[in-house]
Amino acid sequence: AVSAIRGISFPFQKGELSVPAQNARLTTVVDAVKSLLLIGVYEVPLAPMLGTAIYSYIFENMTPLTMARVASEVRRIITENEPRMRVISVVPSQQGNDVGGYRIVLQIQYELNGVSDSMEIVL
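Here the sequence shown is numbered in the working numbering, starting from 4 and rising by one per residue.
Accuracy of the hints is not assured; some may be wrong.
[Claimed, not checked] Pairwise CB distance ranges, derived in the manner of DEER restraints:
id, residue 1, residue 2, range
1, 101, 52, 31 to 39 Å
2, 118, 78, 17 to 25 Å
3, 121, 59, 19 to 27 Å
4, 44, 87, 21 to 29 Å
5, 101, 48, 33 to 41 Å
6, 48, 103, 32 to 40 Å
7, 41, 100, 20 to 28 Å
These are computed hints drawn from the structure, not numbers from a lab.
Think of the CB as a built atom: it goes at the ideal place given N, C-alpha and C, for glycine as much as any other residue.
Between the sequences and the hints, there should be enough to build the whole structure, so can you do that?
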């Protein structure tokens, strides 16, 4: 059951009673997905295919085709590695400018244990 899940807060931070802070239930699953999306392919020594290639799109123009590829990559990593979360939609967008640089922002709507919610991840 999701209510029995415990984990470490992401990003790491000092907790009230522990270092690092702990989290529980649905937050643990959401934090696991955030971690998965920030891991690049070949970054985990014993699991080289764990991770995504979405960082490779940072320097691409965000055309509809590029956005579809990013969304597909996000859906794939979540489906393969976090079956407790069902992705409803993924909307990538490019923010920034030539002076300050560009970044990809992912808006992910999901369902987890019968609860619909959303998260934003900035790459």
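Verdict for residue 121, residue 59 (Cβ pair) under range 19 to 27 Å: holds, 25 Å
Consistency of beta-carbon spacing, residue 87 to residue 44, with hint 21 to 29 Å: Given about 23 Å between the Cβ atoms, the range holds.
Range hint compliance [Cβ, residue 48 to residue 103, 32 to 40 Å]: 34 Å Cβ-Cβ, so the 32 to 40 Å window holds.
Cβ distance range 20 to 28 Å for residue 41 and residue 100, holds or violated: The hinted range 20 to 28 Å holds for residue 41 and residue 100, with Cβ atoms some 23 Å apart.
Satisfaction of the hinted span 17 to 25 Å by the C-beta atoms belonging to residue 118 and residue 78: holds, 19 Å
Residue 101 versus residue 48 beta-carbon gap, inside 33 to 41 Å or not: Given a distance of about 37 Å, which is inside 33 to 41 Å, the answer is holds.
CB-CB spacing for residue 52 and residue 101 relative to the 31 to 39 Å hint: Roughly 34 Å apart at Cβ, these two residues keep to the hinted range, so it holds.
Checked against the numbered hints given earlier, the structure satisfies every one of them.
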